[in-house]
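Colleague: Sequence:
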Amino acid sequence: MIQIKGAVKFPITLDSTTWIFDDRKVKIEDLEAGVFDGSKPIQFSDNREWNRAILEGQTNPPTLNSEIKYKKNAMLDGTFVINMAPFFKNAEPKHDASKIRLFNDQDAIELDIELLPYLFFKFAHEGKRLYTDNAVNSFIYTPENGYSHQFDYVTHIEVI
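Just so we're aligned, residue 1 is where the sequence shown starts under this note's numbering, counting upward by one.
A couple of the hints might just be wrong.
Stated by the list, open to error - Taking CB as the label site, the calculated pair distances span:
| id | residue 1 | residue 2 | range |
| --- | --- | --- | --- |
| 1 | A108 | D37 | 26 to 32 Å |
| 2 | D105 | P143 | 29 to 35 Å |
| 3 | F21 | S98 | 31 to 37 Å |
Claimed, not checked - SDA-like mimics (lysine to any residue), calculated; alpha carbons at most 25 Å apart, straight line:
| id | residue 1 | residue 2 |
| --- | --- | --- |
| 4 | K5 | G78 |
| 5 | K9 | H95 |
| 6 | K128 | E114 |
| 7 | K27 | F139 |
| 8 | K27 | T155 |
| 9 | K9 | E126 |
| 10 | K122 | P143 |
| 11 | K128 | Q150 |
| 12 | K122 | A85 |
| 13 | K27 | E126 |
| 14 | K94 | Q3 |
| 15 | K5 | N90 |
| 16 | K122 | M1 |
| 17 | K27 | S148 |
| 18 | K27 | Y147 |
| 19 | K94 | L116 |
| 20 | K89 | F103 |
| 21 | K27 | K94 |
| 22 | K128 | M1 |
| 23 | K27 | E144 |
| 24 | K89 | D15 |
| 25 | K128 | I20 |
| 26 | K27 | H95 |
| 27 | K122 | Q3 |
| 28 | K5 | D107 |
| 29 | K5 | N145 |
| 30 | K89 | Y141 |
| 31 | K128 | D112 |
| 32 | K9 | D77 |
| 33 | K5 | E126 |
| 34 | K5 | A108 |
| 35 | K89 | D22 |
| 36 | K99 | G78 |
| 37 | K5 | D77 |
| 38 | K27 | D77 |
| 39 | K89 | E126 |
| 40 | K89 | W19 |
Rather than coming from a laboratory, the hints here were simulated on the basis of the structure. Heads up, the beta-carbon is just placed ideally off N, CA and C, and yes, glycines get one too.
Just need the whole structure built from these sequences, with the hints factored in.
Modeller: Structure (structure tokens):
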């Protein structure tokens, strides 16, 4: 569990084990291709995919179970990151907050709050969590400059 505390209206606790089910997660390859957020608006066509067997009838040969298995395997084998901006938005940093400090067991790194839209946490590598205690690795990623401010084993966060 990773806490966001300090100069925030609502201190929150993040559980990185749930992010594998979060539609906002992004494969590392997609991030490098410019996709910062994996969520998509729900449309009727999405409903068709979930209910295809009912709406279209049985396909011959049947493929729905294989497609579901493929999607599940992709989730179990992928390396995933998630953007931290929505979580900080929920915590509501105070108007005078200017920095985000990430901590691990031995050190800390300080980031300008303006970098928040580019702050990502890597929580899964090849389908497995990074650490048994659910800590994560962090980095800033911008399409122009690539990776920077990499910091391993984030245990808690303080907004200052």
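Colleague: Next, verify each hint and record whether it holds.
Modeller: Against the structure, the hints come out as follows:
no. : hint                      : in the structure
1   : A108 <-> D37: 26 to 32 Å  : 27 Å, holds
2   : D105 <-> P143: 29 to 35 Å : 32 Å, holds
3   : F21 <-> S98: 31 to 37 Å   : 33 Å, holds
4   : K5 <-> G78                : 30 Å, violated
5   : K9 <-> H95                : 10 Å, holds
6   : K128 <-> E114             : 31 Å, violated
7   : K27 <-> F139              : 14 Å, holds
8   : K27 <-> T155              : 22 Å, holds
9   : K9 <-> E126               : 36 Å, violated
10  : K122 <-> P143             : 17 Å, holds
11  : K128 <-> Q150             : 20 Å, holds
12  : K122 <-> A85              : 14 Å, holds
13  : K27 <-> E126              : 10 Å, holds
14  : K94 <-> Q3                : 16 Å, holds
15  : K5 <-> N90                : 12 Å, holds
16  : K122 <-> M1               : 14 Å, holds
17  : K27 <-> S148              : 18 Å, holds
18  : K27 <-> Y147              : 15 Å, holds
19  : K94 <-> L116              : 14 Å, holds
20  : K89 <-> F103              : 20 Å, holds
21  : K27 <-> K94               : 31 Å, violated
22  : K128 <-> M1               : 17 Å, holds
23  : K27 <-> E144              : 19 Å, holds
24  : K89 <-> D15               : 16 Å, holds
25  : K128 <-> I20              : 10 Å, holds
26  : K27 <-> H95               : 32 Å, violated
27  : K122 <-> Q3               : 16 Å, holds
28  : K5 <-> D107               : 17 Å, holds
29  : K5 <-> N145               : 29 Å, violated
30  : K89 <-> Y141              : 19 Å, holds
31  : K128 <-> D112             : 30 Å, violated
32  : K9 <-> D77                : 37 Å, violated
33  : K5 <-> E126               : 30 Å, violated
34  : K5 <-> A108               : 15 Å, holds
35  : K89 <-> D22               : 16 Å, holds
36  : K99 <-> G78               : 31 Å, violated
37  : K5 <-> D77                : 32 Å, violated
38  : K27 <-> D77               : 10 Å, holds
39  : K89 <-> E126              : 29 Å, violated
40  : K89 <-> W19               : 17 Å, holds
Checked against the numbered hints listed earlier, the structure breaks hints 4, 6, 9, 21, 26, 29, 31, 32, 33, 36, 37 and 39; every other hint is satisfied.
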